[in-house]
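*Asks:* The chain contents come next:
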Amino acid sequence: MATAKEIRRRIRTVKNIQKITNAMKMVAAARLKKVQAKAEAARPYAQEMSELMARLAVSAVDVSHPLLEQREEKSAAFVVIGAERGLAGSYNVNVMQHALREIDKRSPENVKLVLVGKKAVSFFKRRQYQIVAAVESRRLDVSFSDVERLTTRVRSMFEEKEVDAVYLIYARFVTPMKQLPTTLQLLPMRQPTPELAVEGYFEFEPEAAKLLAALLPKYLSTQVYQALVEAQASEQGARMTAMSAATNNASEMIETLTLAYNKARQAAITKELTEIVTSSEALK
Amino acid sequence: MRERTFRLEILTPERVVFSSDQVVSLIAPGVEGYFGVMANRAPIVSQLDIGVLQYRTPGGHWEYIALGGGFLEATGNKVTILAETAELSREIDVQRAQEARERALQRLASGGPDVDIERAQAALRRAMARLHAVQQSNSFS
Chain A
0 MATAKEIRRR IRTVKNIQKI TNAMKMVAAA RLKKVQAKAE AARPYAQEMS
50 ELMARLAVSA VDVSHPLLEQ REEKSAAFVV IGAERGLAGS YNVNVMQHAL
100 REIDKRSPEN VKLVLVGKKA VSFFKRRQYQ IVAAVESRRL DVSFSDVERL
150 TTRVRSMFEE KEVDAVYLIY ARFVTPMKQL PTTLQLLPMR QPTPELAVEG
200 YFEFEPEAAK LLAALLPKYL STQVYQALVE AQASEQGARM TAMSAATNNA
250 SEMIETLTLA YNKARQAAIT KELTEIVTSS EALK
Chain B
0 MRERTFRLEI LTPERVVFSS DQVVSLIAPG VEGYFGVMAN RAPIVSQLDI
50 GVLQYRTPGG HWEYIALGGG FLEATGNKVT ILAETAELSR EIDVQRAQEA
100 RERALQRLAS GGPDVDIERA QAALRRAMAR LHAVQQSNSF S
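Note that the protein sequences, when read in sequence, are chains A and B. For reference, each letter of the first sequence is one residue, going 0 to 283 in numbering that gives the first Met the number 0. For reference, each letter of the second sequence is one residue, going 0 to 140 in numbering that gives the first Met the number 0.
Hints listed in this document are in silico derivations from the structure and should not be mistaken for laboratory results. Treat the numbers as computed from the prediction; the structure is a model and nothing was measured. Check before you lean on any hint, since a few could be wrong.
With beta-carbon atoms standing in for the labels, derived distance ranges [stated by the list, open to error]:
| no. | chain 1 | residue 1 | chain 2 | residue 2 | range |
| --- | --- | --- | --- | --- | --- |
| 1 | A | 33 | B | 41 | 39 to 47 Å |
| 2 | B | 117 | A | 159 | 32 to 40 Å |
| 3 | B | 111 | A | 248 | 55 to 63 Å |
| 4 | B | 34 | A | 96 | 36 to 44 Å |
| 5 | A | 69 | B | 117 | 56 to 64 Å |
| 6 | B | 101 | A | 71 | 44 to 52 Å |
| 7 | A | 96 | B | 35 | 33 to 41 Å |
| 8 | A | 96 | B | 111 | 41 to 49 Å |
Each residue gets a CB set at the ideal place from its N, CA and C atoms; glycine is no exception.
Please put together the full structure from these sequences, using the hints given.
*Replies:* And the structure:
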């Protein structure tokens with residue numbers, strides 16, 4: 000059995016760990032709030048964008064655009080948004096497993112990867128896949144123009160027929176405790192559906208087809224931006240949950256250790272007393 | 000007579016830049032030329048270029064906003080602008096805009112093979128739009 004001194008040292012260690020996990024939990028909670036506000040601020044634009052697309056779809060009867068072109072899928076690109084930092088529980092692994100499941104439906108030579116997040120990069124680096132681009136952004140404030148650079152890259156891959164489809168894999172934010180790995184088809188873009196549109200006659204300047212052509216790339220970037228912000232929220236949520244659990248575990252451990260410590264201390268005192276009593280008895 | 004007003008919303012991918020019910024008229028930088036919008040305009044969707052958007056409030060006061068291109072949609076009595084970037088004239092950092100202008104000019108002047116002319120030109124026009132927005136707002140108010 001461990002001596003009282005050893006147990007005391009272990010209690011101190013666990014307490015220190017608990018301080019750290021607790022601090023990390025607070026930081027993650029603060030960041031989650033920030034990212035959620037960001038997602039909130041971005042929503043009106045995305046909403047309006049979809050409405051506008053639908054409206055144009057009604058008027059532009061014959062829609063043909065390179066980004067809408069359906070081809071037989073021989074090769075595909077995957078944009079995988081992973082975690083930027085560790086200690087977020089199973090967040091990154093969940094997303095990566097989901098990505099692998101999607102990718103393994105195809106043969107490896109027909110897959111090209113665009114990775115976002117440090118942990119996504121380190122996960123795929125050791126595997127036999129073609130990585131065409133890797134983005135690491137330590138900053139929380141990813142701007143729309145950063146996203147546009149990424150989508151421009153993906154778009155040109157599609158337009159130059161390097162790949163016949165582009166998918167986006169990220170974790171949808173459900174609650175801070177729940178993230179849902181999701182696959183979203185980016186390209187070819189789905190034909191905008193006219194159902195949503197309001198009745199009434201619109202003037203277009205320039206004509207609807209041209210407007211749609213200008214709008215499609217923006218819409219693509221908007222989708223990626225939304226996904227990225229949501230993935231960031233998921234990561235912070237996962238970290239907050241993981242760190243909260245770690246803090247609770249530490250509390251439990253401290254309790255058990257304290258109990259063990261008290262027992263050990265008492266045993267030592269009893270033993271000492273017995274020794275003194277026996278030795279004084281012997282001296283009589 | 001009370002002036003008729005409409006609702007104007009300016010949205011960017013990152014935030015809601017402007018939103019108000021009290022707009023009497025606006026002038027927007029369409030790709031086919033500047034055009035005006037007043038209350039109860041017939042529905043229109045239009046693509047916007049880089050430039051200065053201006054709107055007037057009931058008091059006759061003009062405000063200026065630097066736009067980095069986008070789309071305008073008018074329905075009912077509401078105008079929504081989806082802009083790539085949008086800055087109210089009072090938010091614009093003049094010094095930064097001037098520096099951006101100089102940088103773009105230099106890049107265009109150097110004319111090296113690795114210069115992306117289109118991008119440099121767009122950067123120049125955005126910087127100019129910012130400076131114009133500030134200039135106009137200073138000279139009219």
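*Asks:* Hints the structure violates: just list their numbers, smallest first.
*Replies:* 2, 4, 5, 7
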